[in-house]
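The listed protein sequences correspond, in order, to chains W and S.
When you line the first sequence up against our numbering, it's residues 1 to 167, in that order.
When you line the second sequence up against our numbering, it's residues 1 to 253, in that order.
These aren't lab readings, by the way, just hints derived from the structure by calculation.
Among these hints, one or two may not hold up.
[Claimed, not checked] Keeping only pairs whose Cα atoms sit at most 25 Å apart, straight-line, the calculated DSS-like set for lysine-lysine is:
id	chain 1	residue 1	chain 2	residue 2
1	S	Lys-74	W	Lys-72
2	W	Lys-59	W	Lys-147
3	S	Lys-213	S	Lys-240
4	S	Lys-22	S	Lys-163
5	W	Lys-72	S	Lys-109
6	W	Lys-72	W	Lys-164
[Stated by the list, open to error] Chain S is nowhere near these chain W residues, computed Cβ spacing over 10 Å in every case:
id	residue
7	Leu-57
8	Pro-67
9	Lys-93
Virtual Cβ for every residue (Gly too), placed ideally from N, Cα, C.
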Amino acid sequence: MPLRIRDYGEAHLKTDDDLFYFLQCATVATPGEPAWSDRAAEEVYALDRFIEYLRFLEKNEWISIRPTSAAKSRWTGKVRNAGKEWDIELVLKDSYPHVPPACRIPELMHYTDRKVDDGVLGLRICDMHMEKTYWWDDHASLALYLKREVSYWVQSVVKDMREKGWL
Amino acid sequence: MTDRYARLRLFEHADLSKLAKKRVAIVGVGGLGALSAEILARLGVGQLVLFDYDTVEEANLNRLVYRTDQVGVKKVEAIRGHLRAANPDVQVVSHPYDVTDGRGLKALKEETPRCDLVLGCVDSFAVRLFLNAMCVQSRVPLIDGGASDDGVNGSVHVVIPGKTACYRCNRPALKDSSVAPPVRRENGGACHFTSLPTTMAVIASLQCQEGLKVLLGFGSVAPFLMYFGLEGRLERVDWKRDPACGTCGRRRR
Numbered sequence: 001m002p003l004r005i006r007d008y009g010e011a012h013l014k015t016d017d018d019l020f021y022f023l024q025c026a027t028v029a030t031p032g033e034p035a036w037s038d039r040a041a042e043e044v045y046a047l048d049r050f051i052e053y054l055r056f057l058e059k060n061e062w063i064s065i066r067p068t069s070a071a072k073s074r075w076t077g078k079v080r081n082a083g084k085e086w087d088i089e090l091v092l093k094d095s096y097p098h099v100p101p102a103c104r105i106p107e108l109m110h111y112t113d114r115k116v117d118d119g120v121l122g123l124r125i126c127d128m129h130m131e132k133t134y135w136w137d138d139h140a141s142l143a144l145y146l147k148r149e150v151s152y153w154v155q156s157v158v159k160d161m162r163e164k165g166w167l
Numbered sequence: 001m002t003d004r005y006a007r008l009r010l011f012e013h014a015d016l017s018k019l020a021k022k023r024v025a026i027v028g029v030g031g032l033g034a035l036s037a038e039i040l041a042r043l044g045v046g047q048l049v050l051f052d053y054d055t056v057e058e059a060n061l062n063r064l065v066y067r068t069d070q071v072g073v074k075k076v077e078a079i080r081g082h083l084r085a086a087n088p089d090v091q092v093v094s095h096p097y098d099v100t101d102g103r104g105l106k107a108l109k110e111e112t113p114r115c116d117l118v119l120g121c122v123d124s125f126a127v128r129l130f131l132n133a134m135c136v137q138s139r140v141p142l143i144d145g146g147a148s149d150d151g152v153n154g155s156v157h158v159v160i161p162g163k164t165a166c167y168r169c170n171r172p173a174l175k176d177s178s179v180a181p182p183v184r185r186e187n188g189g190a191c192h193f194t195s196l197p198t199t200m201a202v203i204a205s206l207q208c209q210e211g212l213k214v215l216l217g218f219g220s221v222a223p224f225l226m227y228f229g230l231e232g233r234l235e236r237v238d239w240k241r242d243p244a245c246g247t248c249g250r251r252r253r
């Protein structure tokens, strides 16, 4: 029976390290490989645990996202901050999980220079900053990417927008 | 009439004419890769396989090789003519695609095992690790080069699969508690870094120098070279392989 964060309990789940137990995937497979269905299922599991963590422990469910393509290589949903809500899209390249996903939040990206042009997938949020403390590896999940990269990006861009009176 | 390789034939440490039979892939032909491609072409490397999905922009013109009239042209196409003009003996194969997706990934998987050496000239840590894994798996040497965000420092990392430390070795692992938490970005955060043609030329030259040693088997290959431009210092680091490295280790977890 897979562990759920609620069962694991608040007493145990105190640090990022505890959460990482839930947010890593065992299977390493790219979207074109036979084992991808296992990996995709693990991604969904990790994401569910992350949402559960946000709901029960952080009391701030700032993200909701689900796979929206048959191959589970495109995930779409909403990201929330400051009482507002924006569309978010994660796109997995053929080499995922050897490289991180590309993330787009079109409405917020319009207001910031913290973005890079992928050249293939178009504009995406800039994750160059993660290179300072590079943590991505083949077992890292989309949920972990949301937690360790996207959440900080959204917070900093929203802060900028508020300071400039755009929000 | 003087032939183009006359001076190279005088080189005493190795027979440079053997380069004509070598096939080298260059991933990324921007400020660094374009220069490395030109150096290897002038040395007479037989076949160059170039990967880059990008097009020449005005912002690229402060560095070497590309011209103003090439703005808007795919980099691999723009450099092809330049290399042909520099040395018509060299065969150039170009792939204007992203190596991490679709046709580019397929081409990289096909080309890597057929090459004697891969030069990594990319600007993303993720793609560096990806190339590293691909080369270790194919047992093809990789020489990665890069410059620092401030434009004055740089490094060259030689990965000889099974012999030297790979790019993943000695990097902090995710589960390692010493990994610093991600930095909460407050202000700034512009996503463009400076790029000096001088530093790029130093790094491209070091990358090709090590490449020559790997291809022809002379001298002592430096596993990791760090260049400090402000101090005018070059430092060699003999990194050891990590037996538990997730990419090349024998006790891979």
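Status of the hints after comparison with the structure:
no., hint, verdict
1, S:Lys-74 / W:Lys-72, "violated, 31 Å"
2, W:Lys-59 / W:Lys-147, "holds, 15 Å"
3, S:Lys-213 / S:Lys-240, "holds, 19 Å"
4, S:Lys-22 / S:Lys-163, "holds, 21 Å"
5, W:Lys-72 / S:Lys-109, "holds, 23 Å"
6, W:Lys-72 / W:Lys-164, "violated, 37 Å"
7, Leu-57, "holds, 17 Å"
8, Pro-67, "holds, 18 Å"
9, Lys-93, "violated, 4 Å"
When each numbered hint is compared with the structure, violations occur for hints 1, 6 and 9.
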